[in-house]
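J.: The primary structure of each chain is shown beneath.
There are 2 protein chains.
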Amino acid sequence: MKTYTVAILGATGAVGREMMKVLAERAFPVHELRLLASPRSAGVLLPWQGGEIAVRAVEKGCFDGCDIVLGAASSTLARELAPEITAAGAVLVDNSSAFRHEAEVPLVVPEINGAAAKSHKGIIANPNCSTIITLMAVWPIARQFGLKSLTAATYQAVSGAGVGGIAQLEAEIRGEDCDSPAFPHAIARNVIPAIGSLTETGDTIEEAKMRHEGRKIMGIPGLRVACTCVRVPVMRCHSIAVSLETERPVTVEAARAAIAGGAGVALMDDFSAGIYPMPVNTENQDTVFAGRIRPDETREHGLTLWCCGDQLRKGAATNTVQIAELLV
Amino acid sequence: MKTYTVAILGATGAVGREMMKVLAERAFPVHELRLLASPRSAGVLLPWQGGEIAVRAVEKGCFDGCDIVLGAASSTLARELAPEITAAGAVLVDNSSAFRHEAEVPLVVPEINGAAAKSHKGIIANPNCSTIITLMAVWPIARQFGLKSLTAATYQAVSGAGVGGIAQLEAEIRGEDCDSPAFPHAIARNVIPAIGSLTETGDTIEEAKMRHEGRKIMGIPGLRVACTCVRVPVMRCHSIAVSLETERPVTVEAARAAIAGGAGVALMDDFSAGIYPMPVNTENQDTVFAGRIRPDETREHGLTLWCCGDQLRKGAATNTVQIAELLV
Chain A
1 MKTYTVAILG ATGAVGREMM KVLAERAFPV HELRLLASPR SAGVLLPWQG GEIAVRAVEK
61 GCFDGCDIVL GAASSTLARE LAPEITAAGA VLVDNSSAFR HEAEVPLVVP EINGAAAKSH
121 KGIIANPNCS TIITLMAVWP IARQFGLKSL TAATYQAVSG AGVGGIAQLE AEIRGEDCDS
181 PAFPHAIARN VIPAIGSLTE TGDTIEEAKM RHEGRKIMGI PGLRVACTCV RVPVMRCHSI
241 AVSLETERPV TVEAARAAIA GGAGVALMDD FSAGIYPMPV NTENQDTVFA GRIRPDETRE
301 HGLTLWCCGD QLRKGAATNT VQIAELLV
Chain B
1001 MKTYTVAILG ATGAVGREMM KVLAERAFPV HELRLLASPR SAGVLLPWQG GEIAVRAVEK
1061 GCFDGCDIVL GAASSTLARE LAPEITAAGA VLVDNSSAFR HEAEVPLVVP EINGAAAKSH
1121 KGIIANPNCS TIITLMAVWP IARQFGLKSL TAATYQAVSG AGVGGIAQLE AEIRGEDCDS
1181 PAFPHAIARN VIPAIGSLTE TGDTIEEAKM RHEGRKIMGI PGLRVACTCV RVPVMRCHSI
1241 AVSLETERPV TVEAARAAIA GGAGVALMDD FSAGIYPMPV NTENQDTVFA GRIRPDETRE
1301 HGLTLWCCGD QLRKGAATNT VQIAELLV
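Residue numbers (the working numbering), protein chains in the order written: chain A, 1 to 328; chain B, 1001 to 1328.
Pairs of lysine to aspartate or glutamate, EDC-like flavour, derived with a Cα cap of 16 Å:
1. K121(A) x E102(A)
2. K1148(B) x E297(A)
3. K60(A) x E84(A)
4. K148(A) x E1300(B)
5. K1148(B) x E1300(B)
6. K148(A) x E247(A)
7. K21(A) x E32(A)
8. K148(A) x E1297(B)
9. K1060(B) x E1080(B)
10. K1060(B) x E1084(B)
11. K1118(B) x E1325(B)
12. K1148(B) x E300(A)
Since the hints were made in silico from the structure, they are not lab data.
Bear in mind that the values here come from a model prediction, so they are computed numbers and not experimental data.
Take these sequences, add in the hints, and give me the full structure.
T.: So this is what it looks like as structure tokens:
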């Protein structure tokens, strides 16, 4: 069996660490795992397959011999390093937003448009976390009944902002101030309707991702999207209240059946037994869960649903490793 | 100046205590304040105008001589006691859901349909908290441009479930189990997409309130509503992500102007300065705040906005006292 030299760029971050876990769990055929981060993390030892690997600083030549680079760094760093990565002959599967909208870069959720990965020219982009989780729940319905529009209100975990987000919520829960807050306001006992800076339409960048990435991934260029992205005091798992309008008539029963038959998504919907997706029952899993499926009387063929998934897993690390699996 | 004998039914609860504060702050013309609660609270002393009032148990004759009873008790108790209250000649302004849908009972938000209070036959109902906050933000737009449909996803504070909800979140934040939890699941570090039991449509009772109360208060019997109600780990203030479709064309600028000119609602909308409504900057106030006003491309005349208000104040106690003011 062929094995691969895999590098994780940004290995010490929340997503990078999760990528290591996912590579091991899914038994990705790793020949050598190279952990790359900023110079201040160089030398940090991270556990791998019973041993340890020392983190290396990103420096000239660090991608030599790599087959696949999993990007868990900033957009700025991804843009800066991509030429070097592809010149070294590696494929960059990048979790940043740097390349998502470039026409020649596939933007892939394997369960939705896995075939798109094949046309890559050295870079494949991993979508935004809340977009992945929403689309995983919506796609089984969209594929079968078409999709005209999507309205989403998100409930996003602090770990979506990385380890700094976790540190801020933990400090505030302990009643302490956070030295270097990740959010512009307190997040404990609060919700913040502002993720990312503002675009021309009045949407934030995070809200605009749902529109532009949703259209590209599902291949529906005319999809209409209204999205409000909100940070909530939850450690892991993004939840999304979704309303959608299909092209063709759809019943609640048919939507439930579509989701129950979907890949990577599961129905969690037994209200009277207290069973519906929540952060506490969906974290540390790769599956996205959907429930609360109801008619939406505000649209011709309308449905309302609620979904929840671990944004560090399927929303980031797992989806990235799944894309890498399409390359081997 | 005429003064009134006012009773608070359920005086020791989260809403009842807030009603006392609001009566004092608004200098309601109180002749005598009578604090009523269950027998286990009898004798508890609560501060009032520099002195103290002892809580009395609800018992036969306790409403004699009352002019106005502010109801902050359960629907069951409200139904049980209403005949006695009206027989005593008092008007019941009731915060429970017991009478909201009775045709002869006005359901009133003074800034929206204050005139409806005049037609009461002894009972006036105070609407659901998340409905009041949503409508306060939506009404200035609806009044001017008409309203066809309303999609709402709520972020509701634990105090909406009374003192038990506050106790559960506080205990869980301290890392303790809660002896008598108010919610069916942990709420710290979690969100729960389930408030109230399920109705036939698949909506919860809380979600159905937005539809039925919204139609009655705004006088739009054909209003279409899709609502998802979610409990979040916030102490006070409900937030709501709203998308709406007006009857007539509306611009973002016109919607902002309508809200800025609305009674009891204020525009809080300067994103680049980090200013938008959140629980931390709207609690302990009577005003409902709205921001993040954007076009909603999923509807013909669509708008998306975000609003936030203290559900113990305008969502309950303040609105109830405002209704009582219409009676004096």
